[in-house]
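J.: Protein chains in written order, with our numbering: chain E, 35 to 148; chain U, 3 to 112.
Hints in this document: simulated from the structure, not taken from any laboratory.
Treat the hints loosely; a few may be bogus.
[Claimed, not checked] Listed next, the in silico EDC-like pairs over lysine to aspartate or glutamate satisfying Cα-Cα at most 16 Å (straight line): (1) U:Lys-5 with U:Glu-74; (2) U:Lys-55 with U:Asp-40; (3) U:Lys-73 with U:Glu-24; (4) E:Lys-35 with U:Asp-61; (5) U:Lys-72 with U:Glu-32; (6) E:Lys-76 with U:Glu-74; (7) E:Lys-140 with U:Asp-40; (8) E:Lys-35 with E:Asp-61; (9) U:Lys-5 with U:Glu-24.
[To be verified] Using C-beta positions, here's what the derived DEER-type ranges look like: (10) E:Gln-115 with U:Gly-18: 46 to 54 Å; (11) E:Ser-86 with U:Asp-3: 19 to 27 Å; (12) E:Gln-88 with U:Asp-61: 21 to 29 Å; (13) U:Glu-32 with E:Arg-106: 38 to 46 Å.
[Claimed, not checked] To be clear about the criterion: a stretch of chain E counts as covered by chain U if any three or more of its residues have a C-beta under 8 Å from a C-beta of chain U, and this derived list gives those stretches: (14) 63-75; (15) 80-91; (16) 135-144.
Glycine is no exception: its CB is placed at the ideal position from the N, C-alpha and C atoms.
Residue strings, one per chain:
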Amino acid sequence: KQEVTQIPAALSVPEGENLVLNCSFTDSAIYNLQWFRQDPGKGLTSLLLIQSSQREQTSGRLNASLDKSSGRSTLYIAASQPGDSATYLCAVRGSGGGADGLTFGKGTHLIIQP
Amino acid sequence: DVKVTQSSRYLVKRTGEKVFLECVQDMDHENMFWYRQDPGLGLRLIYFSYDVKMKEKGDIPEGYSVSREKKERFSLILESASTNQTSMYLCATVQGYEQYFGPGTRLTVT
């Protein structure tokens with residue numbers, strides 16, 4: 035059974051720093067990996083999706099990488115801002131594709147200090 | 003933009019009540035999902051559906067059932083609500099390769 039782990043569980047950094055969030059998964063037979071952001075009491079917002087054949091995706095100050103063979107992904111946030119404070123979730127979809135649900139990590143709770 | 007809506011943001015029900023959580027998507031997507039989210043346990047898949055009247059159990063289906071009579075609507079049913087079903091419930095749909103979530107329903111069972 036797929037297991038997804040996110041490290042660290044919580045992170046607090048000053049504004050302006052570059053930071054890296056880590057995600058690892060136990061079964062490398064994935065269809066894709068998706069990073070989400072969740073604000074307190076709200077639903078999930080999709081940030082980046084990496085297909086199993088891809089190595090990285092970028093959106094603005096965010097860059098996500100995928101090393102499928104080692105079961106790892108990182109989310110890099112450049113020049114962090116207080117508005118980036120949220121919980122970041124990593125999720126993988128099984129090799130069954132769109133019909134499969136996602137397996138989630140427990141998230142990294144990020145606080146950016148002004 | 004993909005739009006996924008859930009019927010209630012907050013819901014309080016009593017133990018033993020039958021509870022319906024509704025999810026509607028407006029993009030004609032085939033695949034829809036129900037998750038629950040609990041502190042320390044993260045998000046876990048309850049049920050999903052890949053077509054009208056089709057359903058598949060996720061990781062934690064016990065105590066739940068689902069209904070998909072129309073493509074745009076996927077309902078989660080708690081036949082007899084219990085206090086351990088107090089949780090945040092999130093509905094999702096898939097467009098292309100990405101999963102999109104509704105705003106969530108925070109259910110409290112007293």
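J.: Each of the hints needs a verdict: does it hold here or not?
T.: Comparing the hints with the structure gives:
1. U:Lys-5 with U:Glu-74: holds (11 Å)
2. U:Lys-55 with U:Asp-40: At roughly 28 Å apart (the allowed maximum being 16 Å), Asp-40 of chain U and Lys-55 of chain U break the hint.
3. U:Lys-73 with U:Glu-24: Cα-Cα ~13 Å, so holds.
4. E:Lys-35 with U:Asp-61: holds (10 Å)
5. U:Lys-72 with U:Glu-32: OK: Lys-72 of chain U and Glu-32 of chain U at ~10 Å, within 16 Å.
6. E:Lys-76 with U:Glu-74: violated (22 Å)
7. E:Lys-140 with U:Asp-40: Holds. Lys-140 of chain E to Asp-40 of chain U sits at ~10 Å (cutoff 16 Å).
8. E:Lys-35 with E:Asp-61: Since the Cα atoms of Lys-35 of chain E and Asp-61 of chain E sit roughly 8 Å apart, the hinted pair holds (cutoff 16 Å).
9. U:Lys-5 with U:Glu-24: At roughly 14 Å apart (the allowed maximum being 16 Å), Glu-24 of chain U and Lys-5 of chain U satisfy the hint.
10. E:Gln-115 with U:Gly-18: 46 to 54 Å: At roughly 47 Å between Cβ atoms, Gly-18 of chain U and Gln-115 of chain E fall inside 46 to 54 Å, so the hint holds.
11. E:Ser-86 with U:Asp-3: 19 to 27 Å: Given a distance of about 26 Å, which is inside 19 to 27 Å, the answer is holds.
12. E:Gln-88 with U:Asp-61: 21 to 29 Å: At 27 Å between Cβs, range holds.
13. U:Glu-32 with E:Arg-106: 38 to 46 Å: violated (31 Å)
14. 63-75: holds (count 5)
15. 80-91: Per the Cβ count (3), the hint holds.
16. 135-144: holds (count 7)
Of the numbered hints listed earlier, those contradicted by the structure are 2, 6 and 13.
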